[in-house]
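Undergrad: Put the two chains together into one complex; each comes in its own frame, and the hints tell you how they fit.
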Amino acid sequence: MYEFLTGPMFYISIAVFVIGLLFQAIRYIKGLDWKLDRVAYRAHPRAGFKGALRSIALWLIPFGTRSWREQPFMTVVFFIFHIGAIAVPLFLMAHNLILAEKFGLSFFTLSPALADTLTWGVVIAALLLLLRRISLPEVRSLSTVHDYFILALATAPFATGLIARYASADAYPAWLIAHIIAGELMLILAPFTKLSHIVLFFMSRAQIGMDFGIKRGGLKGKGMAW
Amino acid sequence: MPEGTLCNKAPVDTEEQLKALLADKGGKTYYHEMKQLDIDRQKLWDTICKTMKSRTKTWLNICARCGMCADSCFLYRINDRDPKQVPAYKVHSTLGEIIRKKGRVDNAFMHMAMETAWARCTCCNRCAMYCPHGIDSGIMISYLRGLLYQQGFVPWEMKIGAGMHRVYRAQMDVTPEDFVDTFEWMIEEYEEDYIGLNVPVDKAEADIMYTVNAREVKHYPEDLAEAAILFNIAGENWTIPSSGWELTSLAMFAGDWEACRLQVESVYEAMDRLRPKRMIGTECGHAHRATVVEGPYWAGRKDGLPPVDSIHYVEWVAEALRTGKLLIDPKKRIKQPVTIQDSCNYIRNHGLKEVTREIISYMVEPGYFIDMTPNREHNYCCGGGGGFNGIGLFRPQRNKALITKRDQILDSGAEMVIAPCHNCWDAIRDLEEEYKIGIKWSFLKPLLIDMVIVPEHMKPKE
Numbered sequence: 018m019y020e021f022l023t024g025p026m027f028y029i030s031i032a033v034f035v036i037g038l039l040f041q042a043i044r045y046i047k048g049l050d051w052k053l054d055r056v057a058y059r060a061h062p063r064a065g066f067k068g069a070l071r072s073i074a075l076w077l078i079p080f081g082t083r084s085w086r087e088q089p090f091m092t093v094v095f096f097i098f099h100i101g102a103i104a105v106p107l108f109l110m111a112h113n114l115i116l117a118e119k120f121g122l123s124f125f126t127l128s129p130a131l132a133d134t135l136t137w138g139v140v141i142a143a144l145l146l147l148l149r150r151i152s153l154p155e156v157r158s159l160s161t162v163h164d165y166f167i168l169a170l171a172t173a174p175f176a177t178g179l180i181a182r183y184a185s186a187d188a189y190p191a192w193l194i195a196h197i198i199a200g201e202l203m204l205i206l207a208p209f210t211k212l213s214h215i216v217l218f219f220m221s222r223a224q225i226g227m228d229f230g231i232k233r234g235g236l237k238g239k240g241m242a243w
Numbered sequence: 099m100p101e102g103t104l105c106n107k108a109p110v111d112t113e114e115q116l117k118a119l120l121a122d123k124g125g126k127t128y129y130h131e132m133k134q135l136d137i138d139r140q141k142l143w144d145t146i147c148k149t150m151k152s153r154t155k156t157w158l159n160i161c162a163r164c165g166m167c168a169d170s171c172f173l174y175r176i177n178d179r180d181p182k183q184v185p186a187y188k189v190h191s192t193l194g195e196i197i198r199k200k201g202r203v204d205n206a207f208m209h210m211a212m213e214t215a216w217a218r219c220t221c222c223n224r225c226a227m228y229c230p231h232g233i234d235s236g237i238m239i240s241y242l243r244g245l246l247y248q249q250g251f252v253p254w255e256m257k258i259g260a261g262m263h264r265v266y267r268a269q270m271d272v273t274p275e276d277f278v279d280t281f282e283w284m285i286e287e288y289e290e291d292y293i294g295l296n297v298p299v300d301k302a303e304a305d306i307m308y309t310v311n312a313r314e315v316k317h318y319p320e321d322l323a324e325a326a327i328l329f330n331i332a333g334e335n336w337t338i339p340s341s342g343w344e345l346t347s348l349a350m351f352a353g354d355w356e357a358c359r360l361q362v363e364s365v366y367e368a369m370d371r372l373r374p375k376r377m378i379g380t381e382c383g384h385a386h387r388a389t390v391v392e393g394p395y396w397a398g399r400k401d402g403l404p405p406v407d408s409i410h411y412v413e414w415v416a417e418a419l420r421t422g423k424l425l426i427d428p429k430k431r432i433k434q435p436v437t438i439q440d441s442c443n444y445i446r447n448h449g450l451k452e453v454t455r456e457i458i459s460y461m462v463e464p465g466y467f468i469d470m471t472p473n474r475e476h477n478y479c480c481g482g483g484g485g486f487n488g489i490g491l492f493r494p495q496r497n498k499a500l501i502t503k504r505d506q507i508l509d510s511g512a513e514m515v516i517a518p519c520h521n522c523w524d525a526i527r528d529l530e531e532e533y534k535i536g537i538k539w540s541f542l543k544p545l546l547i548d549m550v551i552v553p554e555h556m557k558p559k560e
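Note that the protein sequences, when read in sequence, are chains A and B. Following the numbering used here, the numbering of the first sequence begins with 18 at its first residue and continues without gaps. Following the numbering used here, the numbering of the second sequence begins with 99 at its first residue and continues without gaps.
So here's chain B without its partners, still in its complex pose (with noise of 0.2 Å):
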């Protein structure tokens, strides 16, 4: 049986194919059917042919093999320095077999490539910093992810979340109408708090266009409430747009790259459409790389930049504090061992290590910010990172890479994690419940709410 009726290398279009999937729970019969599935050998081979080019083809023929690269991956040191977890071999072993083959591959070889692309590597791109070459094994197991794809072999949790994109243009089955509507229920919720309170809804020119991960819409509304919260506090002129909202892309980690474009091309529209001055994304890290640092390459823009200025939430926590537009009571501060986690996606792969620990100047007391160690951009991935958060398959092994962050913020001596970043938020959640630690863990909106002085024109009237 070459194609399964579940798991194929059919990309899910539609909302039946995606509730056939999420019947079959955990992907049982999908595994079961990928133990059967062909390996179109020559549209792999083609799809290399065509897309690999010389920045490639030199990491693999130049990588000296030096073995710089292990001691750069938590995996390989949290899994007992196993060889077979040194970043190069994992892309040597893979992607490196797959070229020496020309694309004849077996069935077996796939599942194991699998696990390689998924379940030992989170793409946290560490290695590259690390490689005197400057070989970037992430970016390689990022496109072997995209040829694993096109074959079908892709965890269930990673098929369906593209699919979700291709159909929602949202990680989640989250409708605009459901976007909306939650967003104005939570403003109804907290407006007798909050006078004057409100969302505008497509509102041409303004400042700042805010766009957010589907969960929020879905499991955590709240959030939704601390941004509007936050942004009326401040006295941003702000907006939502109805369609185009969505910022995540599990497209990327599905390695689904025509799923990418269109999803970001959702978010660029909005932004052609209401033209504001400035896009903020909300707490997330990959959905910041994915809409902000990859998808102006996705949707073709020479330039490499989103249609309008684009920034991470951090850089307008920075940004408001910094100018007095948001202003904390210093009664209020964190007075508590505190860390931050450094979000991959948004410190090493794009820059934003300042602007944090600005932010940390503003809301800890003074002796209580301690960095773990590593940090900033040669920080630790949450082990939760690239989509291994989310797959259920490869949960064991998404487990034991936790380690690695427990023991950092066990030694830090912080009893509390500031983490602005969904998956890494998870993962630290998760690495809370798995291994008790007695750790708190928050995003910064929440914090800040509690600390914030709200003008008097929005205090509640006695």
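The following block holds chain A by itself, in its conformation from the complex (with noise of 0.2 Å):
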């Protein structure tokens, strides 16, 4: 079992991610329609990339957008979220060793405290996003079983790696197989669910900074104050 799961399976499911994601996103490329959408993105490159850009990096800073900081509390919860799903499966030392023994790289390895922190970070601010989700009615009427069920498809291998972190020795087998089945069912499906905003985020905030960069005023004073 632990074999195959970090044999083969290993290998599938970070392939079906990178060239699912890949596809995504040259599919959304091909997809754009300069008529259709009402944006000339190859006429105005230079609005346009300057628009795409400070539209994706804006988003990317806790409060550097107005509706960051109309909204703390979601603000605070999503980027903890988000910072440990993306630093802790890159950077814990024990998948650096994984990545150095499968494909001979390896990144820097976070601190094993610092490492416990943001997945304690990611586990705690998916509670409060559920308990976001269910609590106000604004969100809760606009929630389908999909937004749940990705909610926890996203957490899974977090919870699940924290106690195999802190299970008994005979129990840890058990939580470090349910840890890995997670991970990689959590790869294997983000091409095909809302997960695909791993890369379609990128594409949609470079789309609308290039429509309010080009058409949208980007051609005029002093740009969008996001």
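You may find that some hints are simply not true.
Stated by the list, open to error - Using 25 Å as the maximum straight-line C-alpha spacing, the simulated DSS-like pairs for lysine-lysine come out as follows:
{"id": "1", "chain 1": "A", "residue 1": "LYS237", "chain 2": "B", "residue 2": "LYS155"}
{"id": "2", "chain 1": "B", "residue 1": "LYS423", "chain 2": "A", "residue 2": "LYS47"}
{"id": "3", "chain 1": "A", "residue 1": "LYS52", "chain 2": "B", "residue 2": "LYS200"}
{"id": "4", "chain 1": "A", "residue 1": "LYS52", "chain 2": "B", "residue 2": "LYS423"}
{"id": "5", "chain 1": "A", "residue 1": "LYS47", "chain 2": "B", "residue 2": "LYS133"}
Said to hold, decoys possible - Just a few of them, taken from the derived set where beta-carbon distance is under 10 Å, the chain B residues facing chain A:
{"id": "6", "residue": "LYS151"}
{"id": "7", "residue": "TRP157"}
{"id": "8", "residue": "CYS164"}
{"id": "9", "residue": "ARG179"}
{"id": "10", "residue": "VAL184"}
{"id": "11", "residue": "HIS190"}
{"id": "12", "residue": "LYS301"}
{"id": "13", "residue": "ALA304"}
{"id": "14", "residue": "GLU463"}
{"id": "15", "residue": "PHE467"}
As the list claims (entries may be wrong) - Just the calculated beta-carbon pair ranges, DEER-fashion:
{"id": "16", "chain 1": "A", "residue 1": "PRO62", "chain 2": "B", "residue 2": "THR145", "range": "43 to 49 Å"}
{"id": "17", "chain 1": "B", "residue 1": "GLU452", "chain 2": "A", "residue 2": "PRO154", "range": "52 to 58 Å"}
{"id": "18", "chain 1": "B", "residue 1": "ASP505", "chain 2": "A", "residue 2": "PRO62", "range": "55 to 61 Å"}
{"id": "19", "chain 1": "A", "residue 1": "PRO62", "chain 2": "B", "residue 2": "ASP370", "range": "25 to 31 Å"}
{"id": "20", "chain 1": "A", "residue 1": "SER185", "chain 2": "B", "residue 2": "ASP178", "range": "51 to 57 Å"}
{"id": "21", "chain 1": "A", "residue 1": "ILE43", "chain 2": "B", "residue 2": "GLU275", "range": "53 to 59 Å"}
{"id": "22", "chain 1": "A", "residue 1": "PRO62", "chain 2": "B", "residue 2": "ASN296", "range": "23 to 29 Å"}
{"id": "23", "chain 1": "B", "residue 1": "LYS141", "chain 2": "A", "residue 2": "VAL93", "range": "44 to 50 Å"}
Quick caveat, the hints were computed from the structure, so don't treat them as lab data. Where is the CB? At the ideal position from N, CA and C, for every residue including glycine.
TA: In structure tokens:
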């Protein structure tokens, strides 16, 4: 089981994740239509690039936009969740050992204490996101099964990883297996679910940035105060 | 009865059809027939397959349903935070549902979608600024309007408005002769007060080609005179085109994309014919959006720009004040608390937030200008945008929507609102009528006329 999950399944899930998301990004770009979208994407490359860059960058900064500033609870929870969700899988020491073994490459590694903190952050933030989704009428009425599923899918690798981390020696192997399955499931399903926003966030933000940057005012004045 | 005599899927293309629709007061028969109107489900689905590309698909697919757009929507806020007024909800329960059902929706659904598209969204695009994914629900509602228009589920006034553009290339039954005659009549009215006042018609290669809103011709002809007076005082080399003078597009509000193209091409033809250096449009927001911002795309212009440099009236005013073409008598500057209405269509959607403040710096005595909160690109819709002002069926919803702007104005403490946009101007007039808060409202032109220094050669000899 362990050999299979860390052997063939590991490669398969990484491949599906990378190729699937790449495919999503390409399909997005190919599906842009200057006339139907009413954005002259190619005619104003400088304004388009600047608009896209600002539109992405400002939203990646906590409290960098008015929307983030107006909803501080959501902003704090959102960034704790996302920072941990990106940093821990890539920079956990154990993950880097696997990467070094499989691909011969590795990133810098997080100290164990920081990794613990970030992982706890992801799990607690996920619970708060769930509570927010259930308790706010305007969010609850919008939510579908898919939205709850996505939250569970994205959080499962962290919750199981954390349990494995604190598990007794007896329980550890089973939780490790659960953790690997949850992680690989997340990787495999990402391109086919709303988790595709891992790349489509950048596409969509770049598009609206180009829209405002080229057509809706970017060629005039100071540009959009996001 | 699938197709009504008045309410049907066919666009209005003749004067007779227009008259028949107009004779149906308030659209009584029209809306009655709509209750029986069938849906061409195949055509609806085919249209979606052909016109919904990756941008909109992605918006619908990756929307995290986080509700961060809720508070950005003034209609959500003013309607007691009704979850049904959340922008994402409005899109997913209408356009999203049509797509999930592959077009297999019924008459009752289309009625709900029509109310959502025209009475629960003014396409102000504010929500686009508050969504982490950059999802613009306003654009999707506008797209939905196009689908509803195709199926005949469009408010009576919008059907007429789009028809007017198809028949007259104007939002009202104003012909090129009416336009030129009215303009010239207005010049006659004022030429004794301003010596040498004139309006050059169809002058080739002028510096400015001026375009207007048909309402000015029909209901507010003084506006034409004021434009002429200011251009004359500024010493501009300007002209009006005898055809292609209509800047507005009710077709855009209606979702009649074909009429949008016909309308804007009439203006571009005037540009090609007269080859002016620039086109300047009157104080209207949606008109600027239609002809300058969206129009190039309807006309298939790959650079996304009109044939000649085209600017909004506020840009010209700012420039004229900056360069001294228009000089303001400092004694006559506004000395009462005053605010400005930021029109969504050229502030949020065309970046003109700075020039309007620049104008204020010349026109208002320091210390008297107060911005509304929020303002600039974050400002709220006047409450009557996107066609909302003109739809009788949704008047109660519109009146409620005005409360947002009423309270913004009251909170500012301003006694006067400068509104360089026809739609905003109307909404503010209506909110004063409805709620009587004791404010004044004005376009820029009449205020400028009262405070500019008239050059000696234009002053009447005693």
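Undergrad: For this structure, which hints from the list above don't hold up?
TA: Structure breaks hints 1, 2, 4, 5, 12, 13, 14, 15, 16, 17, 18 and 22.
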